[in-house]
Amino acid sequence: NAGVTQTPKFRILKIGQSMTLQCTQDMNHNYMYWYRQDPGMGLKLIYYSVGAGITDKGEVPNGYNVSRSTTEDFPLRLELAAPSQTSVYFCASQRGGETQYFGPGTRLLVL
Amino acid sequence: GENVEQHPSTLSVQEGDSAVIKCTYSDSASNYFPWYKQELGKRPQLIIDIRSNVGEKKDQRIAVTLNKTAKHFSLHITETQPEDSAVYFCGGYTGANNLFFGTGTRLTVIP
Chain R
1 NAGVTQTPKF RILKIGQSMT LQCTQDMNHN YMYWYRQDPG MGLKLIYYSV GAGITDKGEV
61 PNGYNVSRST TEDFPLRLEL AAPSQTSVYF CASQRGGETQ YFGPGTRLLV L
Chain G
112 GENVEQHPST LSVQEGDSAV IKCTYSDSAS NYFPWYKQEL GKRPQLIIDI RSNVGEKKDQ
172 RIAVTLNKTA KHFSLHITET QPEDSAVYFC GGYTGANNLF FGTGTRLTVI P
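Line by line, the protein sequences give chains R and G.
The letter at position 104 of the first sequence is residue 104 when you use the working numbering, and the numbering goes up by one with no holes.
If you want the working numbering, it's the 1-based position in the second sequence plus 111.
No wet-lab data here; the hints were simulated from the structure.
Note that the coordinates shown come from a computational prediction; the quantities given were computed from them, not determined experimentally.
Cβ atoms here follow ideal geometry from the backbone N, Cα and C, with glycine treated the same way.
Possibly wrong hints are sitting among the right ones.
[To be verified] Residues on chain R that point at chain G, a partial pick, calculated with CB under 10 Å: (1) 2; (2) 4; (3) 8; (4) 31; (5) 37; (6) 41; (7) 43; (8) 44; (9) 64; (10) 90; (11) 94; (12) 99; (13) 101; (14) 102; (15) 103; (16) 105.
[Claimed, not checked] Residues from chain G shown here face chain R by an in silico Cβ test under 8 Å; the list is partial: (17) 122; (18) 143; (19) 145; (20) 148; (21) 155; (22) 160; (23) 163; (24) 200; (25) 204; (26) 210; (27) 212; (28) 214; (29) 215.
Model the full structure from these sequences, guided by the hints.
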């Protein structure tokens with residue numbers, strides 16, 4: 001099992017550009033999550049999904065969108081990137097009530 | 112929703128000494144409490160977890176204790192080593208399957 005994979009590892013965006021952060025898991029987990037982690041800070045939940053076709057907002061959803069068309073994939077879309085979105089983005093997945101497994105992260109710099 | 116408070120925010124110990132990190136939670140429905148270790152530039156990784164029907168769990172030098180009445184749980188690391196230096200996050204689950212993270216503790220083990 002590859003576990004949770006994320007692409008790209010690092011990206012620089014200009015203000016106003018858009019991009020999609022990819023997340024894939026091969027553990028057949030129903031639950032998937034997107035977090036952002038600012039330097040020296042904790043993890044903040046952006047969006048989550050309890051299964052294919054179902055998504056919901058977390059603590060900091062503004063400026064982001066998600067979709068969940070399959071169990072495996074949970075892409076995060078940034079529209080009109082802003083400097084405040086400079087962060088490290090982690091995707092995670094879990095089976096219900098169990099441990100969350102994190103991907104390696106995507107470092108995003110918005111200039 | 113759940114609120115998890117974590118203390119201290121930073122902790123420095125001499126190699127070989129013990130380290131204790133404490134978290135308190137607000138939702139009495141929380142039933143699963145994982146601890147994650149995050150090394151610099153890496154993803155959070157689970158090091159130990161405990162469920163609400165257990166008071167203590169050990170894994171070699173790491174132990175977690177849970178006091179449901181007081182709604183707090185603690186991570187204990189004995190015989191600390193330099194490689195234990197990292198940021199540690201506690202988490203709490205409610206029945207909604209969302210993991211609420213503490214704000215993190217930066218542990219430094221001084222050789």
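How the hints compare with the structure:
1. The restraint placing residue 2 of chain R at the interface with chain G is violated, with a minimum CB-CB distance near 14 Å, outside the 10 Å limit.
2. For residue 4 of chain R, the shortest C-beta to C-beta distance to chain G is roughly 9 Å, which falls under 10 Å, so the interface hint holds.
3. Look at residue 8 of chain R: its Cβ only gets to about 15 Å from chain G, farther than 10 Å, so that hint breaks.
4. The closest approach between the C-beta of residue 31 of chain R and any C-beta of chain G is roughly 6 Å, which is under the 10 Å cut-off, so the hint is satisfied.
5. The interface hint given for residue 37 of chain R holds, since its Cβ lies 9 Å from the closest Cβ of chain G, which is under the 10 Å cut-off.
6. For residue 41 of chain R, the shortest C-beta to C-beta distance to chain G is roughly 8 Å, which falls under 10 Å, so the interface hint holds.
7. Checking residue 43 of chain R against chain G by beta carbon gives a least distance of about 5 Å; that is within 10 Å, so the hint holds.
8. Nearest Cβ of chain G to the Cβ of residue 44 of chain R: about 8 Å, under the 10 Å cut. The hint holds.
9. Because the closest C-beta pair between residue 64 of chain R and chain G is about 17 Å apart, greater than 10 Å, the hint is violated.
10. For the restraint placing residue 90 of chain R at the interface with chain G, the shortest Cβ-Cβ distance is roughly 6 Å, inside the 10 Å limit, so the hint holds.
11. Proximity of residue 94 of chain R to chain G holds as hinted, the smallest CB-CB distance being about 7 Å (cut-off 10 Å).
12. Because the beta carbon of residue 99 of chain R sits about 5 Å from the nearest beta carbon in chain G, less than 10 Å, this interface hint is met.
13. Against a cut-off of 10 Å between C-beta atoms, the interface hint on residue 101 of chain R holds, since the closest Cβ of chain G lies about 8 Å away.
14. Among the interface hints, the one on residue 102 of chain R holds; its C-beta lies about 4 Å from the nearest C-beta in chain G, closer than the 10 Å criterion.
15. Interface restraint check: residue 103 of chain R against chain G, minimum CB-CB distance 7 Å, threshold 10 Å, status holds.
16. Hint status for residue 105 of chain R relative to chain G: holds, with the closest Cβ pair at about 6 Å, below 10 Å.
17. For residue 122 of chain G, the interface hint is violated, the least distance from its beta-carbon to any beta-carbon of chain R being 15 Å, above 8 Å.
18. Because the beta carbon of residue 143 of chain G sits about 6 Å from the nearest beta carbon in chain R, less than 8 Å, this interface hint is met.
19. Below 8 Å, beta-carbon pairs count as interface contacts, and residue 145 of chain G has one with chain R at about 6 Å; its hint therefore holds.
20. The closest approach between the C-beta of residue 148 of chain G and any C-beta of chain R is roughly 11 Å, which is over the 8 Å cut-off, so the hint fails.
21. For residue 155 of chain G, the interface hint holds, since its Cβ comes within 8 Å of a Cβ in chain R; the closest pair sits about 5 Å apart.
22. The restraint placing residue 160 of chain G at the interface with chain R holds, with a minimum CB-CB distance near 6 Å, inside the 8 Å limit.
23. Given hint, residue 163 of chain G at the interface with chain R, is violated; its Cβ is 11 Å from that chain's nearest Cβ, farther than 8 Å.
24. Below 8 Å, beta-carbon pairs count as interface contacts, and residue 200 of chain G has one with chain R at about 7 Å; its hint therefore holds.
25. A least Cβ separation of about 7 Å between residue 204 of chain G and chain R falls short of the 8 Å threshold, and the interface hint therefore holds.
26. Because the closest C-beta pair between residue 210 of chain G and chain R is about 6 Å apart, less than 8 Å, the hint holds.
27. Hint status for residue 212 of chain G: holds, given a least beta-carbon distance of 5 Å to chain R, under 8 Å.
28. Hint on residue 214 of chain G holds. Least Cβ distance to chain R is approximately 5 Å, under the 8 Å limit.
29. Taking 8 Å as the C-beta cut-off, the interface hint given for residue 215 of chain G holds, the closest approach to chain R being about 5 Å.
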